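Use the sequences and the hints to build the structure in full.
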Amino acid sequence: MYNFKIKTEPFARGFLNCESTNITKKTGAGMLLAAKEMGIIVDAELGLCYYESPEHLFCNSLGIRWNSPYDELKEQNPEEAADYTYIEDNIRPYYFAQYPHNSAEHSAHTDERYLWAGSWKGHANPDHADVCRYGTAAIKEKIEICRANNPGKDEFYDGCRMAVESLEVLGVRFREKALEMLGSETDEGRRAKLQKIADTFEHAPEYPCRDFAEAVIVFTMVFALDGLDEADSPGHFDWFMYDFWKVTDEEVRLDYLDSIWEFFHNTRSWNLTISGSDENWNDTTNDLSYAILDIARRKKYHTPNLTVRLHRNSPDKLIHAIYESLATGCGLPGIYNDEAVVPALERLGIPSDDAHRYTMNGCNQIDIQGKSHMGLEDGQFTAAKAIEYVVHNGFSNKSGRELGLKTGDPTEFKSYEEFYAAFIKQLEHIINIVTAIANTAQKVHAENLPCPLRSVLIDGCLEKGREYKNGGPLYGHGQILVNAFAETVDSLANVKKYIYEDKRYTMAELADAMNKNFEGYEEMHHTFKHSPLKFGNDNEYVDSIAKDVMNHINEYLMTIPTYRGGVFSGGCSPFTAAPKCGESLGALPCGLKKEEKLIADSIGATPGCDTHGPTALINSCLSFDHTLPGSGFILNLKFDKEIFNTAAGESTFTALLKSYFGRKGQMITVTVVSPEELLDAQKNPDNHRDLIVRVGGYSDVFVNLDKRLQDNVIARTLYGV
Amino acid sequence: MELSYFNIQKFCIHDGPGIRTTVFLKGCPLDCLWCHNPESKRTEPEIMFYRHKCSVCGRCLDFCSARSVTADGQLIYDREKCLLCGKCTERCYNTANSLCGKKDTTENILAEVKKDLPFYKTSGGGMTVSGGEPAMQSKAVIELVRMAKEEGIESVIETSGFGERDFFMSLHELGATFFFDIKGIDREKHKINTGVYPDVIHKNLDALIAEGAKIVLRLPMIPGKNDSDVDLALLRDFIAERKDHIEYAEIMPYHEMGRDKNTAVGREVYDPIPAGKQFAEKWREFLSDSGAEIRVSGE
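First to last, the protein sequences are chains Z and Y.
Residue 181 is where the first sequence starts when you use the working numbering, and the numbers rise one by one after that.
Residue 411 is where the second sequence starts when you use the working numbering, and the numbers rise one by one after that.
Watch out, some of these pointers could steer you wrong.
What the hints assert, rightly or not - Listed next, with one range per pair, are the computed distances between beta-carbon atoms:
(1) Z/E459 / Y/D514: 48 to 54 Å
(2) Y/D596 / Z/D682: 35 to 41 Å
(3) Z/G529 / Y/P455: 53 to 59 Å
(4) Y/Q484 / Z/D682: 49 to 55 Å
(5) Y/P682 / Z/E702: 38 to 44 Å
What the hints assert, rightly or not - In silico DSS-like links for lysine-lysine, alpha-carbon gap of 27 Å or less:
(6) Y/K531 / Z/K821
(7) Z/K320 / Z/K333
(8) Y/K463 / Y/K559
(9) Y/K692 / Z/K821
(10) Z/K844 / Y/K524
(11) Y/K692 / Z/K818
(12) Z/K727 / Y/K525
(13) Y/K463 / Z/K887
These are calculated hints, taken from the structure and not from any lab test.
Quick caveat, the model's predicted, so the values are computed rather than measured.
We put the beta carbon where it would ideally sit given N, CA and C, even for glycine.
In structure tokens:
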């Protein structure tokens, strides 16, 4: 036992004074002491309870959270300096172990920024509502039963138990605080809210919630503790809340839905899912689904990201509600197709009934709520880098370092087939690296950053006696995203056509042009940039390449096991790191110069290159198999605002959606072309050749119009808003 | 058979029901002052030169005998001397040139149209043949529409109505819908505005009506050209007589989006004020007295 002088840092004190070497147990002890001492908030406006931001240390969904060094505190309080030093020396190693991508082995690749993996500790969809449904008393019983079945794992179960007890401690504190506030509160509305909190925690969280208000209060408490400071994703809200929703009065439940929506927004919660099919393809849409769509449309918040799941039996009423929301231009909801996602999950070996229970977390990662740890965003890579490695025989164009394989002098290649074979080798090499880093990272995270609360809320962990990051959950697959896909395909198409078929340029010229960023090769650059061979235009020549590359990536990933006991799975979605991938690339045969940062949006075309409208883009994107990738696989469709203002708008949108989903497209997001984009098109026309002016019987693209006419179109767009 | 066309535009949602692919044909016997697809007039291919994109870099002077630069730095493109080699479209870094128009077989055109068949099915759409004037290439158009029908694709024909009777009758027999332009009733004004008298057009319309064809009237409305009170009254009465035989009539208010294309093909720019919403509403109100349903394009 270390004798702390400081009164702060309860997590650290609990963690360090726990006389165990088991990291899960230590973490549970830290959480329990924090629950007793941390700052709590009872919000009488929303009627919800949550926490003050912990000063420096806590364990949240990501593991131990380390906010800031103690240097300043040590200076201000010299008599406590020893305490802070002790904490730093003893907890810091756990936290800083999480950056294996900085190791000498991998840093050459990660420094280049064409791939990253493992630095993210991970999203998941724990079933927070377990506490609402069963109560902590029942959960503790389960812990004890599992403990009995798994001898020798007492410390793991102790840690889990303390995490659950943290909730009970907090429940008592919330009730006390609410009663105390009632003493001075005069406003009727706020009094009612405080009374409800006090009543709820009279029996919760030990025992099940009795109505929607109680369930929202308890859910918030669990969700907020799990994601302290970094809220994760609520998951399939209209499923797990419906039993409570349906027994509650309309006015009350709408009031609490409003409250929790504000809470989700304030905490920047990631992703909330509604609707979808059950294992018999029955539709599960209910009136809570519609209430959520309605509130998302009215509030127009960007968080949480709303996901709707569609399938063969989705009601037209739901599609209509989706349209109404998208027509506001808010970009919500994102729309997923069970017909593609469920088969993709089944390929990973997930049984049908659980595959139908998928939900979204993070930006666009897929998990099985309360059953898996796979949507954590293990890593991503820039496929176009493989082109550089082939052309420069293993060398990076950007840094000049030898990071790829030696696939031979490309000027010796006799055919496109030889070039393509070398490309595939380089691509697999990149995937091998990214998955290796991801697995190293997962191992380190499992050893250093456990989440006892998640181990309780995700099936499999208690049953197996294994922690959530250590292969406990029922499904432990991984997800790797591909970036710059269209640029890769366009580059291959140009190489095939202009170097091997037309022999317009030699491989040596291409290598030199790429090295010199097309300087002195303006004609070649122009040819490549304005080549008609661009992905996204329903062009068989290009799309057949796209099909081979994308299917290969997704199939190859599934051959590589994850540390967590599954296999990797592919995906393609926009992410904050995606624009950076452009920076990692040198000049490419798709016509991209080194300084150009604009790269393809998800599975779609390079910006401005899909010049034939959404139907052509959709057809191109359907050239590859959407039932292979088990992570988000996104097509972003961009519409002129005008389409939403015409009578034909809804039927047009519905027809596009049904055609795409009917042919097993996986996911659609909708962006409305903004006046800002049109303004940008005036300045950078080459990036916006896809903007078609649609007037009856008329044919032209926006960038061909002169400034004054463009201004008119912009005015029209504004008028529509 | 071959067709001369200048664009196959996907995802058209204003030219007939549902999601459509519009085949814009090249060649038109009319010469409407306000033409918004002027690149469709000539049947033969031509270079469209967008002057506002030209930086007068002079690169094209190396290979093009039709171009020169004047003393004050203007690039001159002489259409008469152009050999239509198309090099300028490949080599101009500013994409100021494009080759407009090509010939292809009806089979190949249909193959392109067929790519969006799944969307026609979910939207009730199909193919629209527009122009130019489809009647200029009547045999090949009939063949294209017949072949489309065999694939289960319904056609809409956008026409000025200026062509041989048999052409329209054949298309009607193939189940096509006609988006039939009425650009004015007064004979002399029609001649001035479009270069032709309207008699053939009106007769063709009535012949189609007599056969029970599916017809939508399209009414290009050009401020100062065909929208006087007299013009409107004549038009209203013309529609009223036929109101039971048309699905609806659609006002196409003049817009100036075709301005740059007129310059690009070396045609004089007709530049009246564009018809804003208030114009369209006034016309709609007036023409509604015909008893027919009057729509305004783009609503």
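Do the hints match the structure? See the list:
1. About 50 Å separates the C-beta atoms of Z/E459 and Y/D514, a value consistent with the hinted range of 48 to 54 Å.
2. A hinted range of 35 to 41 Å for the beta carbons of Y/D596 and Z/D682 is inconsistent with their spacing of about 56 Å.
3. A C-beta distance of roughly 57 Å is found between Z/G529 and Y/P455, which places it inside the suggested range of 53 to 59 Å.
4. Hint check: Y/Q484 to Z/D682, Cβ distance near 35 Å, so the stated range 49 to 55 Å is violated.
5. Remark: the range hint 38 to 44 Å for Y/P682 to Z/E702 is upheld by a beta-carbon distance near 42 Å.
6. For the hint linking Y/K531 to Z/K821, the alpha-carbon distance of about 24 Å falls within 27 Å, and the restraint holds.
7. In summary, the hint linking Z/K320 to Z/K333 is supported, as the alpha carbons are separated by about 15 Å, within the 27 Å threshold.
8. Between Y/K463 and Y/K559, the direct Cα distance comes to roughly 42 Å. Violation of the 27 Å bound is thereby established for this hinted pair.
9. Taken as a hint, the Y/K692 and Z/K821 pair is honoured in the structure, with Cα atoms around 25 Å apart against an allowance of 27 Å.
10. Distance hint between Z/K844 and Y/K524 is fulfilled; the C-alpha atoms sit about 19 Å from each other, no more than 27 Å.
11. Between Y/K692 and Z/K818, the direct Cα distance comes to roughly 34 Å. Violation of the 27 Å bound is thereby established for this hinted pair.
12. With a C-alpha separation of about 17 Å, the suggested pair Z/K727 and Y/K525 falls inside the 27 Å cut-off, and the hint holds.
13. For the suggested pair Y/K463 and Z/K887, the alpha carbons sit about 11 Å apart, so the restraint of at most 27 Å is met.
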